[in-house]
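Colleague: Sequence:
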Amino acid sequence: SEEIMEESVTYQDIIQKGVQKGLQQGLDRGKQEEALLLVIRQLTLRLGLLDPVLQQQIEGLSITRLEELSEALLDFNTATDLAVWLEHG
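Residue numbers (the working numbering): 57 to 145.
Read the hints as simulated data drawn from the structure, not as lab findings. As the structure is a computational prediction, the values presented were derived from the model and not from experiment. Just to be clear, a hint being listed does not mean it is correct.
[Stated by the list, open to error] Simulated DEER-style distance windows between Cβ atoms:
1. S126 x Q72: 20 to 26 Å
2. G78 x V140: 22 to 28 Å
3. V75 x E123: 25 to 31 Å
4. H144 x K73: 24 to 30 Å
5. E115 x Q80: 17 to 23 Å
6. D69 x E124: 43 to 49 Å
7. Q113 x Q81: 19 to 25 Å
8. V75 x V140: 16 to 22 Å
9. E115 x T136: 17 to 23 Å
10. D107 x T66: 49 to 55 Å
11. V140 x K87: 25 to 31 Å
Idealized CB from N, CA, C, for every residue including glycine.
Please construct the entire structure, taking both the sequences and the accompanying hints into account.
Modeller: So this is what it looks like as structure tokens:
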């Protein structure tokens, strides 16, 4: 009976950790999607309609790189500036 209880507590702990990990992954994904939408919007306002190839490259960036791009884009004047940043970043 005691072994069953310990197994149950261990099982519940594993389940709880799995739920927490899943929630964190969901939050991280949400933050990345939000950052992506914001950067795409900023770039579109600054440079006009984005080339689909450049947009695909942006969609593949990590949240850290999206944050860096959100600062770098303030210095962009053309889509070429964006392309160069994506190549060398």
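Colleague: Which of the stated hints cannot be reconciled with the structure, identified by number in ascending sequence?
Modeller: Hint check: 1, 2, 4, 6 and 8 fail, others pass.
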